[in-house]
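Colleague: Residue numbers (my numbering), protein chains in the order written: chain F, 3 to 323; chain H, 3 to 323.
Some hints could be false.
It does not matter which identical chain is meant; a pair holds if it fits inside one copy or across any two.
Capping the alpha-carbon separation at 35 Å, the derived lysine-lysine pairs in DSBU-like fashion look like this [stated by the list, open to error]:
id, residue 1, residue 2
1, Lys73, Lys287
2, Lys73, Lys195
3, Lys274, Lys131
4, Lys195, Lys90
5, Lys195, Lys131
6, Lys90, Lys73
Hints were generated in silico from the structure; no laboratory data involved.
2 protein chains.
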Amino acid sequence: MRDLKAYSARSVPSRSEKARRGLRLAFSLETYLHNRAATIERALAQSVPEPSGLAARLFESMRYSLLAGGKRLRPVLALASCEAVGGKPGAALGLACALEMIHTYSLIHDDLPCMDDDDLRRGRATNHKVYGDALATLAGDALLTDAFKILARSRSRAPSAAAVLEVLAELAEASGSAGMVAGQVIDIESEGKELDSSQLEHLHARKTGALFVAAVRGGARLGGASPRELGRLTAYSRALGLAFQVIDDILDCEATTEQMGKRTQKDRALGKATYPSLMGLQQSKELARDLHSRALEALEAFDHRADPLRALASFVVERNL
Amino acid sequence: MRDLKAYSARSVPSRSEKARRGLRLAFSLETYLHNRAATIERALAQSVPEPSGLAARLFESMRYSLLAGGKRLRPVLALASCEAVGGKPGAALGLACALEMIHTYSLIHDDLPCMDDDDLRRGRATNHKVYGDALATLAGDALLTDAFKILARSRSRAPSAAAVLEVLAELAEASGSAGMVAGQVIDIESEGKELDSSQLEHLHARKTGALFVAAVRGGARLGGASPRELGRLTAYSRALGLAFQVIDDILDCEATTEQMGKRTQKDRALGKATYPSLMGLQQSKELARDLHSRALEALEAFDHRADPLRALASFVVERNL
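Pulled out of the complex, with its shape left as it was, chain F reads as follows (with noise of 0.2 Å):
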């Protein structure tokens, strides 16, 4: 939680009311914020079993990249999102640790050699430079699969049976060949290719966008949602996963190696098509406040009970900005 808390200290002037406003109430929520990042942490070290017996390597090697820190953003997003439509956090907990562990697998295939092959994630070595690429395959193999185990598993504190399994389908849409998965493919696919705005689009709202949407609509189903809240939140996630998206390109565009705890400027390196090569790093700006005003627009009609979910678009928008 480290960035989450980083972020509500610091001061960073805004650039539009509502951004400013979606910033003062970071501020007040640093105690909400810093006690979900804590109980994530929590139930994430009690998802993988401790090291011991025949197969105390792999999980040793899950550990090691499930526990490294992070944000934690969208374990954070199901629970806010859950206690935005009048949920209590516990509802959507297992979710978050779902969320969080497809992250990571997804992460450890990503830094593979057949893939990114990256070095380091996170400020320290990637999984398969400790593990090698075996045990890093298949740490991300169990972290996939114990996610869905551990969602089907948290059905007592859900409104329903048929709520989690919905969730689960959602989530496991969102990660597969229709969302993550096909977006990781197409990313790799189109190095070196000229993207249009549309298909960068495209891509974008299956390799990082689909995941947010799962949490936000996730949370919010397990809270008891209406479906007229159910469609409002799901604007929000749009407008937030893409933001966050084009916020990464830009990152990667300016910000140094040491600063990000991961390797920079590779997108321009592979060919990579990016919101600032596409539209020039200033439009790329514009674009990501505009999202944001978007993500605020579409939680209008929630009451205070939608601030942290306000207050991590600010995050998400303005970590560089």
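Dock chain H against the given chain F, drawing on the hints supplied.
Modeller: Only chain H this time, still in chain F's reference frame:
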């Protein structure tokens, strides 16, 4: 279904009254097995999108391995188990597809250069030899993820959402860090080491057994099994799963690459512990026959609707004895 049909048609002498009974039933069940396999093939073909769009090569790669034939043993077991307790096979069809998708993902990842580095599977080039390591890794990831989506979306023909959720949790548990992936890690980590028979059983209960148990228990649960029926079918599936592995070890030792459609004799080359290396060929065959008897005994309280399960036990054990 080539393999199962071939089994039904040929005449192998059986070694005991129980084995003979299983074999006789198999002959009369040729149509059953053929029909169920055809149903599964059709459902699998609909489980993965036709190649189109920017991620077309992902879908191609998934279909290449998923629709490559194979015995379809796990899905047929799920349908047969569903029917053994009086359910309609359609209730377990989502589970059947999920099982084969998970089995296929595990083969694709096991064949990768960083794992077993195999070139040949089901008589043709392995996935990564055709599509490259990155796409093979991602096709495996997508098959695994989509498996849970398809099972979660198969609710309409199941007894209840709660039943599907429990089946899904057991399937994920059988496939992840407590099951198949752990088995694969133990297998890799114990290369060149001596394992005793209890460690070898521990390994195989995870690597192959767990998915057999999930197939049979899941099919039964979706067919509306009573707790007592579920217990008996669990005993059946444990014996069957271990028998399958013992036979696999024997085949790896005795059969040629041409007969198996995959590289054989590799266990010894890799210094892997196997049943023949641990107890000799004759005693391994004796163990397989003993497990076969135990599997059939577990079915004694079931009527003729369990005949397909009896025939499948005979198929698994007698394919080379």
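Colleague: Could you run down the list of hints and mark each one as holding or not?
Modeller: Here is how each hint holds up against the structure:
no. : hint              : result
1   : Lys73 <-> Lys287  : within (21 Å within a copy, 55 Å between copies)
2   : Lys73 <-> Lys195  : within (31 Å within a copy, 41 Å between copies)
3   : Lys274 <-> Lys131 : both (25 Å within a copy, 26 Å between copies)
4   : Lys195 <-> Lys90  : neither (46 Å within a copy, 50 Å between copies)
5   : Lys195 <-> Lys131 : both (30 Å within a copy, 24 Å between copies)
6   : Lys90 <-> Lys73   : within (22 Å within a copy, 47 Å between copies)
Checked against the numbered hints given earlier, the structure breaks only hint 4 and satisfies all the rest.
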